[in-house]
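Q: Quick mapping for you: the protein sequence lines, in order, are chains A and B.
Count the first sequence with my numbering and you get residues 31 to 139, in order.
Count the second sequence with my numbering and you get residues 74 to 426, in order.
It is possible that part of the hints are untrue.
[Said to hold, decoys possible] Example chain A residues on the side facing chain B (calculated, C-beta under 10 angstroms, incomplete):
# : residue
1 : Gly43
2 : Glu66
3 : Met79
4 : Met81
5 : Ala83
6 : Leu106
7 : Glu108
8 : Phe110
9 : Tyr111
Hints in this document: simulated from the structure, not taken from any laboratory.
All values reported here derive from a predicted model rather than from experimental measurement.
All residues carry an ideal CB built from backbone N, CA and C; glycine is no exception.
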Amino acid sequence: MSDIKIKITDREGVLHEVDAPTDMNMNLMEVVRSYELAPEGTIGVCGGMAMCASCQCYVKSDHALPEKSDDEDAMLAEAFYVEDNSRLGCQIHMTEDLNGLEVELAPES
Amino acid sequence: MIKTDILIIGAGPTGLFAVFEAGLLQLKCHLIDALPQAGGQCSEIYPKKPIYDIPGFPEVLAGDLVGNLMEQIRPFQPGFTLGERAETIEKLEDGSFIVTTNKGTKHHAPVVAIAGGLGSFEPRKPLLKNLTDYEDKGIAYIIKDPEIYRDKRVVIAGGGDSALDWSIFLSDVASEVTLVHRRNEFRGALDSVEKVQRLKNKGKINLITPAEIVGLNGEKRLESVLVRKTTNGNEDILLAVDSFIPLFGLSPKLGPIGEWGLEIEKNAIKVDNTLDYQTNIPGIYAIGDVNTYPGKLKLILCGFHEATLMCQSAYKRIYPDKKYVMKYTTVGGVTGFDGSKKEAPKAVVKTIE
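Throw the hints in and build the complete structure from the sequences for me.
A: Here is the structure:
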């Protein structure tokens with residue numbers, strides 16, 4: 031297993047290209063937190079249970095992502111600033127298939 | 074004025090356990106929480122989810138953990154100010170503090186322990202531009218007294234348990250209940266979803282899905298809302314209503330505590346982790362998820378440890394001249410303020426003949 035490259039645009043519009051490990055059971059929200067691309071307390075508030083939408087992001091590249099679970103789908107139905115390409119970062123697990131993934135963090139709400 | 078030894082802000086697991094540790098030292102506690110019930114995130118966000126890293130519990134539901142903590146601290150008779158947010162703090166000349174809530178309830182204590190987790194839970198407000206104009210003039214985010222909706226036309230927005238439950242409840246009170254949700258699917262308890270279905274079939278709840286409220290109108294107070302069907306933009310409905318209740322859940326905000334002059338870093342309160350989790354203001358401690366220090370982990374089990382050391386320090390602060398050494402509960406038992414006493418059974422001494 032190796033690291034993958036991910037492009038993340040933060041809430042200020044700054045692009046970060048980061049390495050994400052695929053062998054640490056990490057999700058996209060945790061990658062963002064590990065690089066401190068959003069202030070603590072504004073992302074991953076529920077810890078990754080798909081229950082708060084603070085890690086909402088827009089997926090810009092056309093990677094095949096896993097289907098949304100019912101929990102994620104329901105949470106996005108109640109979140110704000112939701113677009114067709116919205117996903118919850120905590121539900122996107124880092125796998126080698128996601129090398130080159132491009133995402134933008136949704137505004138804080 | 075409520076008087077206590079340790080005033081705990083936040084009734085989550087860390088705050089609740091602090092009551093126990095304080096009680097062993099004969100210190101009384103009072104807790105303030107913005108939510109109407111104790112338990113913090115464990116009760117509000119994930120009561121039915123399991124936790125696997127509470128020492129000694131291979132698996133425990135968050136809601137059950139809170140229930141157990143409440144049982145554990147019961148002998149120490151903690152006081153609660155629930156549904157109120159700690160707003161201001163004032164340091165008196167003798168070094169003690171007065172904390173006042175948003176409803177004006179005053180609390181006086183020599184020690185304040187902030188166990189505020191991620192902050193106080195505030196309703197998440199929909200993005201409508203003139204929303205604030207109608208707050209308390211037809212728009213409310215929390216239902217305090219359902220009677221004010223009697224014989225009124227109410228529209229509720231949201232897809233979770235609270236939207237479903239209040240739609241069901243108000244269908245018997247209001248003259249008209251409309252539930253608007255962005256999806257056809259609801260994520261509440263199955264029982265509630267089925268009840269809403271039955272009430273919709275009976276015509277007691279007017280269900281509009283998938284749809285969103287996109288506009289608010291009214292002269293002095295809310296008179297109508299604009300409902301947009303998300304499948305087709307040409308089907309806007311102007312719905313005459315007396316009240317609009319958006320129920321989109323709660324999100325935590327550090328809030329007024331951020332203005333208390335405490336050193337803040339990364340949305341958390343900096344504390345001295347080498348000693349007692351005291352903040353830069355002597356007498357104010359911060360424990361659990363709300364604090365930060367090098368190597369901090371936001372874990373319930375870490376909060377328990379922090380609460381324990383905080384209580385020892387608080388004791389020395391309140392009784393600087395009293396001699397004291399920590400005593401194991403197995404040795405000393407637990408003597409409640411309610412007169413109850415728990416202790417290890419004495420060994421039986423009997424001759425074997």
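Q: Each hint needs a verdict: does it hold in this structure or not?
A: Hints, verified against the model:
no.: 1; hint: Gly43; verdict: violated, 19 angstroms
no.: 2; hint: Glu66; verdict: holds, 8 angstroms
no.: 3; hint: Met79; verdict: holds, 6 angstroms
no.: 4; hint: Met81; verdict: holds, 6 angstroms
no.: 5; hint: Ala83; verdict: holds, 9 angstroms
no.: 6; hint: Leu106; verdict: holds, 9 angstroms
no.: 7; hint: Glu108; verdict: holds, 5 angstroms
no.: 8; hint: Phe110; verdict: holds, 5 angstroms
no.: 9; hint: Tyr111; verdict: holds, 7 angstroms
Going down the numbered hints, you'll see the structure goes against just number 1.
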